[in-house]
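Number of protein chains: 2
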Amino acid sequence: MECIFCKIIAGEIPSDTIYKDEEFIAFRDIQPQAPVHVLIVPVNHIVSVNDLGEKDASMIGRLILLAKRIAEQEHIAESGYRLVINCGSEGGQVVPHLHLHLMGGIRLNDRMG
Amino acid sequence: MECIFCKIIAGEIPSDTIYKDEEFIAFRDIQPQAPVHVLIVPVNHIVSVNDLGEKDASMIGRLILLAKRIAEQEHIAESGYRLVINCGSEGGQVVPHLHLHLMGGIRLNDRMG
Chain A
1 MECIFCKIIA GEIPSDTIYK DEEFIAFRDI QPQAPVHVLI VPVNHIVSVN
51 DLGEKDASMI GRLILLAKRI AEQEHIAESG YRLVINCGSE GGQVVPHLHL
101 HLMGGIRLND RMG
Chain B
114 MECIFCKIIA GEIPSDTIYK DEEFIAFRDI QPQAPVHVLI VPVNHIVSVN
164 DLGEKDASMI GRLILLAKRI AEQEHIAESG YRLVINCGSE GGQVVPHLHL
214 HLMGGIRLND RMG
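Heads up: the protein sequence lines correspond to chains A and B, in order. Residue 64 in my numbering is what sits at position 64 of the first sequence, and the numbering runs on without skipping anything. Just remember that my numbering sits 113 ahead of the position in the second sequence, which is counted from 1.
Since the hints were made in silico from the structure, they are not lab data. There's no promise every hint is true.
As the list claims (entries may be wrong) - Result set (DSSO-like, lysine-lysine): computed pairs, CA atoms no more than 27 Å apart in a straight line:
1. A:Lys-55 / B:Lys-133
2. B:Lys-120 / A:Lys-55
3. B:Lys-168 / B:Lys-133
What the hints assert, rightly or not - DEER-style ranges, computed between Cβ atoms:
4. B:Ser-171 / A:Gln-31: 31 to 39 Å
5. A:Arg-111 / B:Asp-129: 20 to 28 Å
6. B:Ile-126 / A:Glu-72: 45 to 53 Å
7. B:Ala-123 / A:Ser-89: 36 to 44 Å
Bear in mind that the values here come from a model prediction, so they are computed numbers and not experimental data. C-beta: ideal position from N, C-alpha, C; glycine also.
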């Protein structure tokens, strides 16, 4: 198991975890681009959006709904936030384990990339 | 009906539409930030992620899966792409009708906002 997110999920690498259940873990990005920058990660090792199939639709839906709830918990639901999923090299995906960025707490730049 | 996306869906405002079914429409952003910049929009008028509930989980999952298929169609699946959902003012949401940005065709900036 070489995946850094799988190691975080397994507790082998420390993280600033703010949420965990059987399906997802959420922890703060170690290189935050905004005052609130949380990564929300499915526990199952899925590499990227390219690897999702019809069977994953409800899981992905729950991922977005969890991001909404964490935004509330982080007190950025009303001020606003950005959800980002990078896929592949040109998309800027660094860790090859599907994850969603939740960013907020500041007026984000209109440029998204 | 004042919503510009609802008017696009109704065909009252022209758009460069590349996909449409009963649940979603996809059209090119008129102010693209990348060579490929497509907006994918639920036909139902939902303002933002903040307005999603448990009942919407599978719809949101299908939205992400549709983005994956359009990335393939646009020949950016392998090179990579970014999916962005802005929510509210500080998130940079311009049109108050839920939409997902699919961006690719160039190496996107590591900064996501």
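Tested hints:
1. A distance of roughly 22 Å separates the Cα atoms of Lys-55 (chain A) and Lys-133 (chain B); the hinted pair therefore holds under the 27 Å criterion.
2. Straight-line distance between C-alpha atoms of Lys-120 (chain B) and Lys-55 (chain A) comes to about 33 Å, which puts the hinted pair past the 27 Å bound.
3. Distance check on the hinted pair: Lys-168 (chain B) and Lys-133 (chain B) sit about 22 Å apart at the alpha-carbon level, within 27 Å; holds.
4. A beta carbon spacing of about 33 Å between Ser-171 (chain B) and Gln-31 (chain A) agrees with the range 31 to 39 Å that was offered as a hint.
5. Taking 20 to 28 Å as the suggested C-beta distance range, the pair Arg-111 (chain A) and Asp-129 (chain B) conforms, at roughly 21 Å.
6. As the Cβ distance of Ile-126 (chain B) to Glu-72 (chain A) is approximately 33 Å, the hint placing it in 45 to 53 Å is violated.
7. In this structure the supplied range 36 to 44 Å holds for Ala-123 (chain B) paired with Ser-89 (chain A), their Cβ-Cβ distance being about 38 Å.
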